[in-house]
Amino acid sequence: MRLTDLKSLNAFMTVVELGSFTQAAEKLHLTRSAVSKMVAKLEQQMGAVLLTRNTRHVTLTDEGAVFYEYSQRAVQELLTAENLLDSSSQHIRGSLRLSMPVLFGQKFIVPILKTLSEQHPELNIELSFNDRRVDLIEDNFDLAIRIGHLEDSSQLIAKKIGQHAMWLCATPHYLEQHGTPSSLTDLEQQHLIRYAKSGQMQAWQFKDPNLKTIKYRPNGNIQMDDMQAILDYTLMGGGISWLPSWLIQPYLQSGRLKHLLADHSSNDYPIQIVWKQSHFLPLRIRITIDLIAQSLQQHLTDA
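Note that the sequence shown covers residues 1 to 303 in the UniProt record's numbering.
Think of the hints as simulated: they come from the structure by calculation, not from any bench. Watch out, some of these pointers could steer you wrong.
List of simulated lysine-lysine pairs, DSSO-like, C-alpha gap at most 30 angstroms [stated by the list, open to error]: (1) Lys197 with Lys159; (2) Lys276 with Lys258; (3) Lys159 with Lys207; (4) Lys276 with Lys114.
Cβ pair distances, simulated, as ranges [claimed, not checked]: (5) Leu184 with Gly94: 25 to 31 angstroms; (6) Ser254 with Lys27: 53 to 59 angstroms; (7) Ser117 with Asp268: 42 to 48 angstroms.
Even glycine gets a Cβ: it sits at the ideal position worked out from N, Cα and C.
Sequences and hints are given; from them, build the entire structure.
Listed below in structure tokens is the structure:
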């Protein structure tokens, strides 16, 4: 198939996804007749009937179903390559909406997107900082940063950009006053700072020697729903907290915090960038994904 026939293939796939020539024409900003001719041309080239049509419905034939399945990945790659060839300077414009966890986004993503904005001044970037897991389709986001394992979804694609652990920590001053715990049982005698998400207190998770997950539910009279506030309170000598490795690493290196129970290994939490499944990925989204992945992958793997 010639590259010039990609428009016909795109028209066919849009008809399949929307189930209507009329709706496909509206989405592609073409006439219904033009879309119909493109699909007919594609069927002629393939030597097979791909769609059955009646006044109400459009359905795939058996041959059409096979062709559609194998076309999805190919057309995404071909259209992206064509865009790259047509834009040797990779000059991008338009709008980009990105959702991310508050602290992680402020620490890592904002500096990266500042670089993106400087390189592409005609790109309008909208960042949303929210620890709530947004619905990319319903909330109309192009990309989202997700921490933790994802639920399976045929509508989303994810790229792992790193991982992190959760570590127990406290200040040297606090440990001088209250002692250093050597086991999970010792934590019962300590001041523990608990984290609540969406109103639910989160259990601390570790691995036993057989790599089985242990869930520890901390007791304490201090509970917060913001990790930065927990970190600040911990640095004041308020107690022991369970925080992301990427957040406390600088304080461990400076000696302001100590890593506790290091022999109790943590579960690893993947950090991923997620976008909507589509047979065409706009250049502005592809460039953003690549920039974020390249900037963070090595750093987060080491954290």
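Cross-check of the supplied hints:
1. Taking the CA atoms of Lys197 and Lys159, the gap is near 25 angstroms; set against the 30 angstroms cutoff, the hint holds.
2. The hinted pair formed by Lys276 and Lys258 fails the criterion: a straight-line CA distance of about 41 angstroms is larger than 30 angstroms.
3. A threshold of 30 angstroms between alpha carbons decides the hint, and for Lys159 with Lys207 the separation of about 25 angstroms falls inside it, so the pair holds.
4. Using a Cα cut-off of 30 angstroms, the hinted pair Lys276 and Lys114 holds, with the two alpha carbons roughly 23 angstroms apart.
5. Separation of Leu184 from Gly94 is about 51 angstroms and departs from the stated range, judged on CB atoms against 25 to 31 angstroms.
6. Against the hinted window of 53 to 59 angstroms, the Cβ-Cβ separation of Ser254 and Lys27 comes to about 54 angstroms, which satisfies the hint.
7. Under the hint 42 to 48 angstroms, the C-beta atoms of Ser117 and Asp268, about 32 angstroms apart, miss the expected range.
Comparing the model with each earlier hint shows violations of hints 2, 5, 7; every other hint is respected.
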